[in-house]
Every structure is written in structure tokens, then in C-alpha cells.
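Residues per chain are reported as follows:
2 protein chains.
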Amino acid sequence: MDPVCCHLVRGLPAIEEGDDLAAMVRERFPVQDGDVVCIASTVVSKAEGRARELEGYSPSARAEEIAGKLEKDPRFVEAVLEEAAEVLLDDPFLLVATKFGHIGVNAGIDRSNVSQGRILLLPVDPGASAERIRCGLGKECAVIVTDTCGRPFRCGVAGVAIGWAGVAPLRDWRGERDLEGRELEITLEAIADEIAGMANLLMGEGGDGTPAVVLRGLSLPKAGGRLFRPRELDVIRACLSSRDRRH
Amino acid sequence: MDPVCCHLVRGLPAIEEGDDLAAMVRERFPVQDGDVVCIASTVVSKAEGRARELEGYSPSARAEEIAGKLEKDPRFVEAVLEEAAEVLLDDPFLLVATKFGHIGVNAGIDRSNVSQGRILLLPVDPGASAERIRCGLGKECAVIVTDTCGRPFRCGVAGVAIGWAGVAPLRDWRGERDLEGRELEITLEAIADEIAGMANLLMGEGGDGTPAVVLRGLSLPKAGGRLFRPRELDVIRACLSSRDRRH
Numbered sequence: 076m077d078p079v080c081c082h083l084v085r086g087l088p089a090i091e092e093g094d095d096l097a098a099m100v101r102e103r104f105p106v107q108d109g110d111v112v113c114i115a116s117t118v119v120s121k122a123e124g125r126a127r128e129l130e131g132y133s134p135s136a137r138a139e140e141i142a143g144k145l146e147k148d149p150r151f152v153e154a155v156l157e158e159a160a161e162v163l164l165d166d167p168f169l170l171v172a173t174k175f176g177h178i179g180v181n182a183g184i185d186r187s188n189v190s191q192g193r194i195l196l197l198p199v200d201p202g203a204s205a206e207r208i209r210c211g212l213g214k215e216c217a218v219i220v221t222d223t224c225g226r227p228f229r230c231g232v233a234g235v236a237i238g239w240a241g242v243a244p245l246r247d248w249r250g251e252r253d254l255e256g257r258e259l260e261i262t263l264e265a266i267a268d269e270i271a272g273m274a275n276l277l278m279g280e281g282g283d284g285t286p287a288v289v290l291r292g293l294s295l296p297k298a299g300g301r302l303f304r305p306r307e308l309d310v311i312r313a314c315l316s317s318r319d320r321r322h
Numbered sequence: 076m077d078p079v080c081c082h083l084v085r086g087l088p089a090i091e092e093g094d095d096l097a098a099m100v101r102e103r104f105p106v107q108d109g110d111v112v113c114i115a116s117t118v119v120s121k122a123e124g125r126a127r128e129l130e131g132y133s134p135s136a137r138a139e140e141i142a143g144k145l146e147k148d149p150r151f152v153e154a155v156l157e158e159a160a161e162v163l164l165d166d167p168f169l170l171v172a173t174k175f176g177h178i179g180v181n182a183g184i185d186r187s188n189v190s191q192g193r194i195l196l197l198p199v200d201p202g203a204s205a206e207r208i209r210c211g212l213g214k215e216c217a218v219i220v221t222d223t224c225g226r227p228f229r230c231g232v233a234g235v236a237i238g239w240a241g242v243a244p245l246r247d248w249r250g251e252r253d254l255e256g257r258e259l260e261i262t263l264e265a266i267a268d269e270i271a272g273m274a275n276l277l278m279g280e281g282g283d284g285t286p287a288v289v290l291r292g293l294s295l296p297k298a299g300g301r302l303f304r305p306r307e308l309d310v311i312r313a314c315l316s317s318r319d320r321r322h
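Protein sequences, first through last, are from chains Z and B.
Counting from 1, position 237 in the first sequence corresponds to residue 312 in the working numbering; the numbering is continuous, with no gaps.
Counting from 1, position 224 in the second sequence corresponds to residue 299 in the working numbering; the numbering is continuous, with no gaps.
In case anyone wonders, no lab produced these hints; they're calculated from the structure.
Mixed in with the good hints there might be a few duds.
Treat identical chains as interchangeable: a pair holds within one or across any two.
[To be verified] Result set (SDA-like, lysine to any residue): computed pairs, CA atoms no more than 20 Å apart in a straight line:
(1) Lys144 / Asp309
(2) Lys147 / Asp166
(3) Lys297 / Arg186
(4) Lys174 / Gly124
(5) Lys297 / Cys314
(6) Lys144 / Ser133
Please work from the sequences and hints to get the whole structure.
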């Protein structure tokens with residue numbers, strides 16, 4: 076097998092609402108069938124017009140209460156609550172499930188790389204965003220929309236996939252055998268997250284970040300599986316829900 | 076920048092206790108200064124003689140109790156408890172903090188790729204294992220020992236770093252500026268996990284897995300930072316500890 080190589084897509088300008096990301100990537104990198112094109116959610120959000128003015132939010136009583144606890148701008152908290160389908164934690168940080176199923180602090184709302192007084196919401200439906208970009212690329216490639224998230228138990232943030240198209244987010248090892256011919260204990264591998272993490276590492280953060288990375292040489296399953304753990308199968312989430320709030 | 080390329084180290088035999096992994100990698104791949112050599116914890120454990128016979132374990136009363144709840148072999152539960160510094164959950168699965176600080180289900184003990192009736196413990200000190208392998212490689216390279224772990228909130232397992240040498244597990248973005256010149260919100264990136272995830276994807280699972288992957292072309296910080304979140308800074312862990320056990 077040839078090595079798997081990860082290419083930065085150089086020279087993308089600052090992204091504006093309405094920009095055609097697929098065309099902008101295509102013009103700068105010769106995407107081929109089989110490539111995995113990873114794009115940072117920040118630029119997808121900007122292209123989709125998901126930047127908002129904090130001024131535009133009128134905090135609810137709940138937003139004011141949480142903002143008081145967290146010493147945050149109530150308008151920012153209101154924005155998080157409006158993006159949330161469920162609040163998992165509201166102290167000492169605001170951990171929510173977004174309407175599209177992703178769980179992240181502050182609903183993944185970004186205040187970096189946008190102007191003062193503005194925030195950047197995650198795409199409404201990152202899977203649909205990935206599919207649109209994939210169609211625009213015009214190749215039999217995969218597209219993964221990445222975000223950076225903190226994790227329980229481990230320090231630091233890491234890249235994860237919040238949207239995907241042309242690739243299964245999970246590789247199913249069921250029925251595979253180990254060296255001794257025994258069934259594998261590991262059955263589902265979150266390949267989209269593993270790819271997103273590597274892409275995130277190469278993208279970098281901040282002003283000199285590169286929001287698009289193309290991986291070439293991977294052989295991946297094309298479809299199937301879900302990445303966002305359903306509530307009923309999430310023991311940790313259940314523990315948060317049953318948490319002693321006085322604690 | 077040239078692309079970052081990920082190379083499988085082909086042709087490694089089944090690893091036995093006492094094998095010199097560094098030499099075995101060196102003989103099969105020309106490791107260079109600056110490379111990141113990722114090695115699966117399974118082969119590190121085998122080389123370090125961490126395979127055990129289930130027969131060798133005498134279950135404690137607690138192991139018997141947990142085994143009853145989980146319908147697992149009490150000897151296996153005993154092995155997990157002996158590797159654990161703290162039990163975070165014992166139902167519906169056994170989530171523990173290992174003595175070296177990593178949090179994982181069943182203390183990362185593997186029953187795949189070992190013979191019937193045998194289990195494979197994680198290395199005693201994967202950081203020290205990484206440092207030994209790095210010294211044996213004789214290059215200014217980084218070494219990351221990888222394992223696969225489930226995660227709250229997201230389906231599937233992903234590769235993570237449980238030991239590292241010659242690289243900082245976290246990249247510190249503090250003081251960096253975004254496109255607008257504002258301080259970044261994201262300050263610490265778990266680069267060792269992002270690399271381990273990609274390596275894990277390429278290694279594959281099961282009988283035809285390749286337990287060593289070399290990444291070339293990365294520019295990484297050399298030292299500093301910790302990857303295992305300290306208990307006092309882990310809100311989710313605190314929630315598990317304060318969990319209503321009747322729930």
C-alpha cells in the first residue's frame with residue numbers, strides 16, 4: 076500500500092457568506108476520486124451565513140441565570156440555548172446537545188476568527204453541508220466537516236467529525252477475527268473522528284490556520300452507521316442527567 | 076509544506092515477550108529524525124510480558140459482586156480491579172482509572188489477539204515504554220503508544236495516546252491570535268490523541284492489523300503538558316462520583 080498522505084489546501088481567502096467552498100477548494104487542489112476532503116466547520120458556517128451579532132439576542136430568564144453562574148454574556152448564553160436541543164450541564168460550563176445531535180460545550184459556538192461582538196454558530200445540518208460540498212467537488216470523494224471539542228477524562232481539545240458525506244462515520248469490525256481466530260471485541264471504530272482529528276492537527280488554529288485538508292490513499296467504507304451516541308445508549312449522559320444538582 | 080505522509084511498518088511478526096520492538100521497526104522502516112512512530116499498546120504489552128492467564132487470578136468478593144452484575148468472568152474483573160487506581164463505574168460496564176492515569180473500560184485489558192484463557196494488560200508505564208522504544212530507534216523522533224477507547228457522547232472507539240516520548244501530548248495555543256487578532260479560545264490541543272487516532276485508523280484491528288505506523292512531515296512541540304485530566308479538573312468524572320447509585 077502507498078502511504079496515506081495529508082495535503083493542506085493552500086491559499087483559501089477569508090470566507091464570506093455565500094462563498095462556494097467546493098469551487099474554492101477545487102481551484103486550489105486537484106481533488107480525486109477516493110480523496111477525503113476535511114473542512115473546518117468555521118468556514119462552512121461562514122459560507123452558510125451562520126455568523127450572528129450578539130446584539131441580536133434577547134436573553135431569556137434562564138439565559139440570565141446561567142450567565143450569572145458562569146459569568147458570561149447573557150446574550151451568548153441565549154445563543155447557546157437557542158442552538159441546543161438539550162442542556163447536559165450548565166455549571167461550571169454549558170454542555171449541550173445540538174439540534175443535529177452533536178454534544179459540545181457552548182453548542183460549538185465560536186467567538187474566535189469572527190469580529191468583535193459577533194459569534195459563529197455551527198452549521199444547521201453539517202451532514203447536509205458535507206453532502207453539498209461533496210456534490211460541488213464533483214468527485215467520488217468523501218467530505219468531513221470538522222470541529223474541535225474537549226473530552227471528559229483527557230486534557231485538551233481534539234478534532235471530531237460533525238458532518239460527513241461519501242464515507243461511513245463508523246467502520247464495522249463485527250465478524251472480523253483476531254490473530255487467534257477469535258471474534259474481535261472492538262466492533263465499531265469511529266473512523267470519521269480519527270480522520271477529523273488528524274485533519275484538525277494539520278489545519279492548526281488561529282490566523283494562519285488552513286481550514287481544508289485532503290487525505291489521499293485511504294480505503295474507507297462508503298456508508299452506514301451513526302456517530303452521535305443516542306441518549307438511551309449513553310451511560311455517562313444518563314449520569315449527568317441523574318446528577319445531584321446540589322453537588 | 077510537503078504533505079504529511081503516514082507509512083505502515085510492514086512485515087512485523089507476532090510479537091513475543093522480550094522482543095526488541097525498536098529493532099524490529101528499525102529493520103523494516105528507515106525511521107528518520109522528526110518522524111512520529113506510533114505503536115499499538117498490544118504489541119508493547121506483549122513485548123513487555125503483560126499477557127496473563129485468567130487462571131492466575133483469585134477473585135475478591137468485590138470482583139465476584141461486579142462480575143455478577145456484568146455477567147463477566149470474576150477472574151477478568153479481578154484483573155481489571157488489580158490494574159485500577161479508581162473505579163469510576165461498575166455498571167453497566169467497568170470504567171476505571173489505571174495506575175498510570177488513563178481512564179478506560181476494563182482498564183484497557185484486551186482479550187483479542189491473545190490465546191484462549193489469556194488476557195493482555197496495558198503496559199505498566201506506557202510513557203516509559205515509549206521512551207525506551209524511542210531510545211532504541213536511535214533517532215530524534217517521537218514515539219506514541221496507542222490504544223483504542225470508547226468515548227462518552229459519541230459512538231464507536233477511536234485511537235488515543237496512552238504513552239509518548241519526544242513529543243508534547245498537548246500543543247499550547249495560548250497567546251496565539253485569530254484572524255481578527257483576538258486571543259484564541261482554544262488553548263490546548265491534544266495532538267498526541269489526534270495522531271494516535273490517525274495511526275489507529277491505519278493500523279486496523281484483528282489478524283491482519285499492522286501495529287506500527289510512522290508519520291513523516293509533522294512539526295510538533297517536543298515536550299510539556301499532560302494528557303490525562305486530573306480528577307480535580309474533570310467535571311464529568313465528578314458527576315460520576317456523585318452519581319445516585321440507585322439510578
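Tested hints:
1. Lys144 / Asp309: between (27 Å within a copy, 18 Å between copies)
2. Lys147 / Asp166: The answer is within: 12 Å in one copy meets 20 Å, while 36 Å across copies does not.
3. Lys297 / Arg186: The answer is neither: 34 Å in one copy and 29 Å across copies each exceed 20 Å.
4. Lys174 / Gly124: within (18 Å within a copy, 48 Å between copies)
5. Lys297 / Cys314: Answer is neither; intra-copy 34 Å and inter-copy 37 Å both fail.
6. Lys144 / Ser133: Close inside one copy (18 Å), not across copies (49 Å); limit 20 Å.
The earlier numbered hints that this structure contradicts are 3 and 5.
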